[in-house]
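Given the sequences, and given the hints that come with them, work out the whole structure.
Protein chains: 2
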Amino acid sequence: MTIKYPDGRYYQGNTDTNQSNTKLHHRDNVIFGGRGMSLEETINDSNVYYRSQDRAVIYKKPTPIRIVKVDYPKRSKATIKEAYFQQASTTDYNGVYRGYYLDFEAKETTNKASFPLKNFHQHQVDHFKRCLAQQGICFTIMRFSSLERYFVTPASLLIDYWQLQETNRKSIPLKVIETQGYEIQAGFHPALDYLKAVDQLIQHSTQTNSKGGKI
Amino acid sequence: MTIKYPDGRYYQGNTDTNQSNTKLHHRDNVIFGGRGMSLEETINDSNVYYRSQDRAVIYKKPTPIRIVKVDYPKRSKATIKEAYFQQASTTDYNGVYRGYYLDFEAKETTNKASFPLKNFHQHQVDHFKRCLAQQGICFTIMRFSSLERYFVTPASLLIDYWQLQETNRKSIPLKVIETQGYEIQAGFHPALDYLKAVDQLIQHSTQTNSKGGKI
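Protein chains in written order, with UniProt numbering: chain A, 1 to 215; chain B, 1 to 215.
Because the hints were derived from the structure by calculation, they are not lab data.
Heads up, the list lumps identical chains together, so a pair's fine if it works in one copy or across two of them.
DSS-like mimics (lysine-lysine), calculated; alpha carbons at most 27 Å apart, straight line:
(1) K196 with K129
(2) K69 with K81
(3) K74 with K118
(4) K77 with K107
(5) K77 with K118
(6) K175 with K196
(7) K107 with K170
(8) K112 with K175
(9) K107 with K129
(10) K170 with K112
(11) K118 with K129
(12) K196 with K107
(13) K107 with K69
(14) K118 with K175
(15) K107 with K118
In this text, all values refer to a predicted model and were calculated from it rather than measured experimentally.
Put into structure tokens, the structure is as follows:
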């Protein structure tokens, strides 16, 4: 099944979007447990694992859909007969981890030297700004698929480059991401153990936060 | 338009579910700004207001839907032709406020002396337990519609009564909610200014938290 979102992304089928029906996959001889899975599936798998271990409670939000027509057949469940995809106004993932609110978006590129900003949208940048103002831990998970490298990149870096975009460059250099981001180390279980990189981001955020807030 | 969820609740139409198309309503001579609106609309309105004032970033999650068939008409947007409502595995609302992760469910009753537990589901109770273990601020917004009284009730109280349910009573007495919960005071703007009651819950939670965690 191939379904396109309004912004041209492809719908990934029945993954973890707020459902509890995602199964843990078991594979051998993998570097990242998620090899062969889409980035979204890999993260959803990891989130199921984190919940099962009481490490964190993080979900992908369901795709917002505008429902126009529903049938109620007798002795059968309601069937949506006409509906449309809607543009989300937030990022895809959020949840709670060690008392922190986490909020993130996951994207990938086949580029080897930089991450194109066209992967992101204005509403995501705006949402990150609002959540940062509330002391949320905001980031993107960036996958360089040709390199099989993954980074937890602070949302503040995306915001900085987003503002440069009109006058200047349209992507974030890998060298900058290597310096400002936190590389996710390869492992077996869960598929993508991104919380270790998030720990580093939290440590850095709480050290540099000078607003006198809680973090 | 009347649409039933799998659990029998009614779908409220195109409200704030992760969309930015909710308008602020202006009314005169109201006690709670939301009078005449459904509880969900009232909360969504308040959330739009809180975001506009940079007070908090809280959204209702979209209803999870399993998509089976989509049409792609030429020169027109994708139309979902067959889809089904799915049971959510979380609560309806979450977000970030002053560095805290908030997670809640909103329910109402016409009862005058107690709040029936049948308004809640096992998956919501389980989700609250997981979020509390991560030091999230978890609660329900309970509306006693006949009394026009609203409470922010700690999830821990719901969990306690949920466990009593099989052997004992099937509802939480209003007298207990008055003592253990935080009543939302009437105001004009936003429609339901529940964050003031949440402030009290946070203060109480941080005072009584003995786990040595962040809160």
